[in-house]
Every structure is written in C-alpha cells, then in structure tokens.
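Colleague: Sequence:
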Amino acid sequence: MTSPRRAAGCGIAAITAVVLAIILVIAIVAWALSAFAPAIVPRNLQPVPEDVPPAVAEAPPLIDVHGPGRTSDQLAQWAQPIADATYIDPQAVRAYGNAELIARDAWPECNLAWNTLAGIGWVETRHGTYTGRTWDQGKLDDEGLAEPPIIGVPLDGSPGFAHIPDTDNGEWDGDSEYDRAMGPMQFIPESWRRYGRDANGDNDPDPQQIDDAALTAANLLCADGRDLSTPEGWRDAVFAYNQSNDYLLKVRDAAGAYAMGQPAVR
3 MTSPRRAAGC GIAAITAVVL AIILVIAIVA WALSAFAPAI VPRNLQPVPE
53 DVPPAVAEAP PLIDVHGPGR TSDQLAQWAQ PIADATYIDP QAVRAYGNAE
103 LIARDAWPEC NLAWNTLAGI GWVETRHGTY TGRTWDQGKL DDEGLAEPPI
153 IGVPLDGSPG FAHIPDTDNG EWDGDSEYDR AMGPMQFIPE SWRRYGRDAN
203 GDNDPDPQQI DDAALTAANL LCADGRDLST PEGWRDAVFA YNQSNDYLLK
253 VRDAAGAYAM GQPAVR
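In this text, residue positions in the sequence shown follow the working numbering: the first is 3, and each later residue adds one.
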C-alpha cells in the first residue's frame, strides 16, 4: 500500500517542477524582450506616409567636415536623442549625419538627407547589427566597426543571387572565388572600389566601418548628378543600390519613420 505521505510528496514535487518551469519560461521571455528591445517597439507608432521621396529628418548641425579625425564625433549631442527615439546605434546616427553634411559640401545638388541613408542601413543590416543568427546579434564597436564583420553569401549564381566572380582576390570579402557583400551598407568589392570613401579620418576606406560605409553609400546615391529631393531622383538613387520595388518601399518606410522620430518596424 502506497504511503499517503509519499504520495503527497510526489504531488508537491510535480507542482514545484511545473512552477519552476513557468518561472524559467517567464525568465527566458523577459531576457528575450530585453535582448531584442530595439526590435520590439514598446509604444504606439504613427502611420508612416507613403511619400516619395520620404520626408526629410531633422538636419544635423553644421560641423567642420574637413577637420582631422573622426568628424562624426562632433555630432554626438545631436545624435543621442535621435538614437534614443529610433533605436539606431548612436554611432550609426552620427555616421549618417556626417555623410549628409559631406554630401551637402561635395554634391550640393544631391539634396541627400541622412534618414535615407538610415533607411538603407536598416534594410541592409539593421545598422551594422545583423549576423544572420537570431540569438547572437552584432554591434558597432567603439571605432564604428561591425563586430563581427558582416560578410554576405557568395554571389555564385545560386537561385535568388547574382553571379559575380571574384574581383578583389579576396582582399575585402575574404573570398577569392566569388564576390560577397560587405559591411553595414553591404557593398560588393567592385562597387567599393568605385565609390569607397574615407570618412573617419584614417585615410583607409573600410567597408566594415560605419562612417566610411555611410559616406560611400552617399557617394553612390548622389552619383550621376541625381537630385534626391525629386521623386525621380530618389527612386533612381535607391534603384542604383538595389533594383527592387520591394526594397525601395522598405527603404522609404524606414526613412519616413526616422523622419518622424520613431523606429522602423517593417
């Protein structure tokens, strides 16, 4: 005959196990919510207009973009509240603002706004944080470098991918057989060789460094005398980056959200 005391004890153990399991699930969910807070928007967002080009975000203050060193650091005070509101890494906001100011100086007819660069940065790599692994997000280190470095899949002509044989002998993307997209703004070596620019003052354009990548993206967008203040110019610029209507709409929506001071969610 089973002891009543023993039977009661097993019941308590089972209940305890269930409670502990529930606590563990709650803890995991809480950790996930904390870890992915930038992707989980904890407030009501306003609808984003479908205007092309998207609205222009608050412009960065004028700084000396010809000064020594990492000129984007001069935008720290401007960038921080924008970063807090949009969940963009502050270094990325500074890089986009710095690129806007350099573009305004170098290509004044382009009328490039930093939030268009941010829209592209969001779609491409979530501003340098994408790794392809849900539970292991990347980051920008203190020098603005993607950590770990972001290297795309080999462009070997597989279904859904272009066929681009190696053009850099693996110098930038580590692949001597096929080209791969690189860095926060996802340039292939051939495009980086053509448009790559130094923006952090070390005289070494690096596709993994957010300041350099943002300015290089500005260079590509503004090429061929485009005026991004017009619908045609903005569309042509984004299509020069990626010839896809779905891509254009995602960039438009992200850029529009940033102009409103809220996160991109699409």
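Since the hints were derived computationally from the structure, they do not count as laboratory data. Here the structure is a predicted model, which means the values were calculated and not measured. All C-beta atoms, glycine included, are put in the ideal place defined by N, C-alpha and C. The reader is advised that the hints may include incorrect statements.
What the hints assert, rightly or not - Label pairs and their calculated CB-CB ranges:
#1 135 <-> 225: 30 to 36 Å
#2 49 <-> 200: 36 to 42 Å
#3 171 <-> 75: 30 to 36 Å
#4 107 <-> 155: 35 to 41 Å
#5 53 <-> 245: 18 to 24 Å
#6 251 <-> 155: 33 to 39 Å
#7 247 <-> 66: 36 to 42 Å
#8 159 <-> 107: 23 to 29 Å
#9 70 <-> 249: 21 to 27 Å
#10 107 <-> 158: 24 to 30 Å
#11 134 <-> 248: 33 to 39 Å
#12 51 <-> 234: 15 to 21 Å
#13 196 <-> 144: 38 to 44 Å
#14 245 <-> 83: 31 to 37 Å
Colleague: Could you run down the list of hints and mark each one as holding or not?
Modeller: Against the structure, the hints come out as follows:
no.: 1; hint: 135 <-> 225: 30 to 36 Å; verdict: holds, 34 Å
no.: 2; hint: 49 <-> 200: 36 to 42 Å; verdict: holds, 39 Å
no.: 3; hint: 171 <-> 75: 30 to 36 Å; verdict: holds, 34 Å
no.: 4; hint: 107 <-> 155: 35 to 41 Å; verdict: holds, 36 Å
no.: 5; hint: 53 <-> 245: 18 to 24 Å; verdict: holds, 21 Å
no.: 6; hint: 251 <-> 155: 33 to 39 Å; verdict: violated, 23 Å
no.: 7; hint: 247 <-> 66: 36 to 42 Å; verdict: holds, 40 Å
no.: 8; hint: 159 <-> 107: 23 to 29 Å; verdict: violated, 40 Å
no.: 9; hint: 70 <-> 249: 21 to 27 Å; verdict: violated, 37 Å
no.: 10; hint: 107 <-> 158: 24 to 30 Å; verdict: violated, 40 Å
no.: 11; hint: 134 <-> 248: 33 to 39 Å; verdict: violated, 20 Å
no.: 12; hint: 51 <-> 234: 15 to 21 Å; verdict: holds, 18 Å
no.: 13; hint: 196 <-> 144: 38 to 44 Å; verdict: violated, 29 Å
no.: 14; hint: 245 <-> 83: 31 to 37 Å; verdict: holds, 35 Å
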